[in-house]
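Colleague: These are the residues of each chain, in order.
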Amino acid sequence: VGKPVFTSDRMYLETPAGVVMGLAWTSMGGSTLFIETTLSRPLDLSPDSKEQGTLTVTGHLGEVMKESVQIAYTFAKSFLVQKDPINKFLQRGFIHVHVPEGATPKDGPSAGVTIVSALLSLALNRPLIQNVAMTGEVSLTGKVLPVGGIKEKVIAAKRAGVKTVILPHENLKDFNELQDFIKEGIQAHFVKSYDEVFNIIFPK
Amino acid sequence: VGKPVFTSDRMYLETPAGVVMGLAWTSMGGSTLFIETTLSRPLDLSPDSKEQGTLTVTGHLGEVMKESVQIAYTFAKSFLVQKDPINKFLQRGFIHVHVPEGATPKDGPSAGVTIVSALLSLALNRPLIQNVAMTGEVSLTGKVLPVGGIKEKVIAAKRAGVKTVILPHENLKDFNELQDFIKEGIQAHFVKSYDEVFNIIFPK
Amino acid sequence: VGKPVFTSDRMYLETPAGVVMGLAWTSMGGSTLFIETTLSRPLDLSPDSKEQGTLTVTGHLGEVMKESVQIAYTFAKSFLVQKDPINKFLQRGFIHVHVPEGATPKDGPSAGVTIVSALLSLALNRPLIQNVAMTGEVSLTGKVLPVGGIKEKVIAAKRAGVKTVILPHENLKDFNELQDFIKEGIQAHFVKSYDEVFNIIFPK
Chain H
1 VGKPVFTSDR
11 MYLETPAGVV
21 MGLAWTSMGG
31 STLFIETTLS
41 RPLDLSPDSK
51 EQGTLTVTGH
61 LGEVMKESVQ
71 IAYTFAKSFL
81 VQKDPINKFL
91 QRGFIHVHVP
101 EGATPKDGPS
111 AGVTIVSALL
121 SLALNRPLIQ
131 NVAMTGEVSL
141 TGKVLPVGGI
151 KEKVIAAKRA
161 GVKTVILPHE
171 NLKDFNELQD
181 FIKEGIQAHF
191 VKSYDEVFNI
201 IFPK
Chain E
1001 VGKPVFTSDR
1011 MYLETPAGVV
1021 MGLAWTSMGG
1031 STLFIETTLS
1041 RPLDLSPDSK
1051 EQGTLTVTGH
1061 LGEVMKESVQ
1071 IAYTFAKSFL
1081 VQKDPINKFL
1091 QRGFIHVHVP
1101 EGATPKDGPS
1111 AGVTIVSALL
1121 SLALNRPLIQ
1131 NVAMTGEVSL
1141 TGKVLPVGGI
1151 KEKVIAAKRA
1161 GVKTVILPHE
1171 NLKDFNELQD
1181 FIKEGIQAHF
1191 VKSYDEVFNI
1201 IFPK
Chain P
2001 VGKPVFTSDR
2011 MYLETPAGVV
2021 MGLAWTSMGG
2031 STLFIETTLS
2041 RPLDLSPDSK
2051 EQGTLTVTGH
2061 LGEVMKESVQ
2071 IAYTFAKSFL
2081 VQKDPINKFL
2091 QRGFIHVHVP
2101 EGATPKDGPS
2111 AGVTIVSALL
2121 SLALNRPLIQ
2131 NVAMTGEVSL
2141 TGKVLPVGGI
2151 KEKVIAAKRA
2161 GVKTVILPHE
2171 NLKDFNELQD
2181 FIKEGIQAHF
2191 VKSYDEVFNI
2201 IFPK
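Residue numbers (the working numbering), protein chains in the order written: chain H, 1 to 204; chain E, 1001 to 1204; chain P, 2001 to 2204.
Looking at chain H on its own, in the form it has when it is part of the complex (with noise of 0.2 angstroms):
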């Protein structure tokens, strides 16, 4: 009660475009997780230029979680042909996905539409709705899977001030378990596809 935000839950007050805040769970309980994308290099849109683009994956990440980047990564660009199909940043640009911090090994699928978001968010140069959290497994053609540690990641993000909590359909009941106390203050959506993710976040 009363306890204070710390600032290492908490690493950005304002997420700016191309920057989404994720839910981890270790054995030491769950935790907030910033998902972090930019472009190594300045984008050529010339009409002749014929370079695709490319991907780097850093913040010590486990083999699950580098492929979880490639789902992503992958999905993210058919996803923004279908909305915005004269925008060719995620296939033209040289992106660089990170995970601070950097000496922590990290693995799992499930920062999968947290990555999404985050390269959606980038090519877009828009940032999404702000105190917001995520977490879920994406497939390649955007369904939403369920993932572990619904408590943890929802404490977790309510102690970092979080309003709103974006889950995975199949993990409603986990959510409905919890104590009162718990979900209070926090606006729960429940999704099984990432179109679903994106309407929350980027609303019109």
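Hints are supplied without guarantee of correctness; some may be wrong.
[Said to hold, decoys possible] Here are the computed lysine to aspartate or glutamate pairs in the EDC-like style, where the Cα-Cα straight-line distance is at most 16 angstroms:
1) P:Lys2088 x E:Asp1044
2) E:Lys1066 x H:Glu101
3) E:Lys1088 x E:Asp1048
4) P:Lys2050 x E:Asp1048
5) H:Lys50 x E:Glu1051
6) E:Lys1192 x H:Glu14
7) E:Lys1050 x H:Asp44
8) H:Lys106 x E:Glu1063
9) E:Lys1088 x H:Asp44
10) H:Lys66 x E:Glu1063
11) P:Lys2050 x E:Glu1051
12) E:Lys1050 x H:Glu51
13) E:Lys1106 x P:Glu2063
14) E:Lys1050 x H:Asp48
15) H:Lys151 x H:Asp180
16) E:Lys1088 x E:Asp1044
[Unchecked claim] Output of the computed footprint for chain H on chain E, the stretches with three or more beta carbons under 8 angstroms from beta carbons of chain H:
17) 1065–1075
18) 1078–1091
19) 1141–1148
No lab work stands behind these hints: they were computed from the structure.
No experiment lies behind these values; they were computed from the predicted model shown.
Just so it is clear, CB atoms sit at the ideal spot from N, CA and C, and this is done for glycine as well.
Dock chains E and P against the given chain H, drawing on the hints supplied.
Modeller: Here is chains E and P on its own, set in the frame of chain H:
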């Protein structure tokens, strides 16, 4: 009291452009460490050149520190676009980053700010203020994150004749806990983001 | 006293351009070691050539020694730009560096000055002074750093008929501790930076 500065603690009495003193922490205690950067080929700035720069990294670095160089390289390029838009040095240059001594294994993310500073110093062809040392993880967007071993690092800096140390803001409490005789004669700056480092090391 | 020079201690009685005698230190004691450099393709110096040089390294080298060759290559190129600005040999050349004997694993950074010297000798097409051997780590900016095994290396040099040894300045104390009969007949130079090595091996 009255101990001489060990030459092994101070490989450079003056650091030229491209070289920056960092602080390391091992099981043996703290020590200074230099980040050296240079071009591995002459720069071709002819307007019709389409060459993109490359990055070579040496110094017996572990995976986390190699990633740290990659993050510093991406961030330094995007930071330089803001500070000096016509400067194409980092985008076009064939950059080599080395951390002596070559036989000593080194790892960890805490040289982030030091590597960024060395790259910018090289690109601007401008040495830093002298007798400055720094430590701090840097994120892809330039946030400065806390590191370990503040006590050992400050002692090592002092032994090497450093007058100004730059530390992450979140390590302020660690510095304040040091005994007065350690802090004496050291001007410490505590930073949250890299632009604060830049303003200290390259005063107008 | 009166022992013959073993042929295995002296693979070259005279070193041609591109070949330099170094000194190694193993659990078996000290030994001489030669760095051999040559072009792997004829040099194309036509002004419209856009070819950039490459580096091939052989000799069963460990990771630290491979990095040491990379550092020597970068430093030798930037040093040559200063000494002989129109000499494009190292920038354009397809250089091959080899360390006989191919079956013996070798590692460590202490051949740095030897590799730089071999590359410069090749580029200048000029042999070094004869009966010289050297050891020392070299940093990316040409600082010469101390190495281990000075006693064993000097004994090996003497056994091989070396008259001049070049050692890092920080190893001066190690040399001074040697017994007089070891030091007798050997002219030792102690250097802090590579340009001092250059002036010794290529006298005007």
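Colleague: None of the hints should be skipped; say for each whether it holds.
Modeller: Verification of the supplied hints:
| no. | hint | verdict |
| --- | --- | --- |
| 1 | P:Lys2088 x E:Asp1044 | holds (14 angstroms) |
| 2 | E:Lys1066 x H:Glu101 | holds (14 angstroms) |
| 3 | E:Lys1088 x E:Asp1048 | holds (13 angstroms) |
| 4 | P:Lys2050 x E:Asp1048 | holds (13 angstroms) |
| 5 | H:Lys50 x E:Glu1051 | holds (14 angstroms) |
| 6 | E:Lys1192 x H:Glu14 | holds (14 angstroms) |
| 7 | E:Lys1050 x H:Asp44 | holds (11 angstroms) |
| 8 | H:Lys106 x E:Glu1063 | holds (14 angstroms) |
| 9 | E:Lys1088 x H:Asp44 | holds (14 angstroms) |
| 10 | H:Lys66 x E:Glu1063 | holds (14 angstroms) |
| 11 | P:Lys2050 x E:Glu1051 | holds (11 angstroms) |
| 12 | E:Lys1050 x H:Glu51 | holds (11 angstroms) |
| 13 | E:Lys1106 x P:Glu2063 | holds (14 angstroms) |
| 14 | E:Lys1050 x H:Asp48 | holds (13 angstroms) |
| 15 | H:Lys151 x H:Asp180 | holds (12 angstroms) |
| 16 | E:Lys1088 x E:Asp1044 | holds (10 angstroms) |
| 17 | 1065–1075 | holds (count 7) |
| 18 | 1078–1091 | holds (count 3) |
| 19 | 1141–1148 | holds (count 4) |
In summary, the structure agrees with every hint in the numbered list given earlier.
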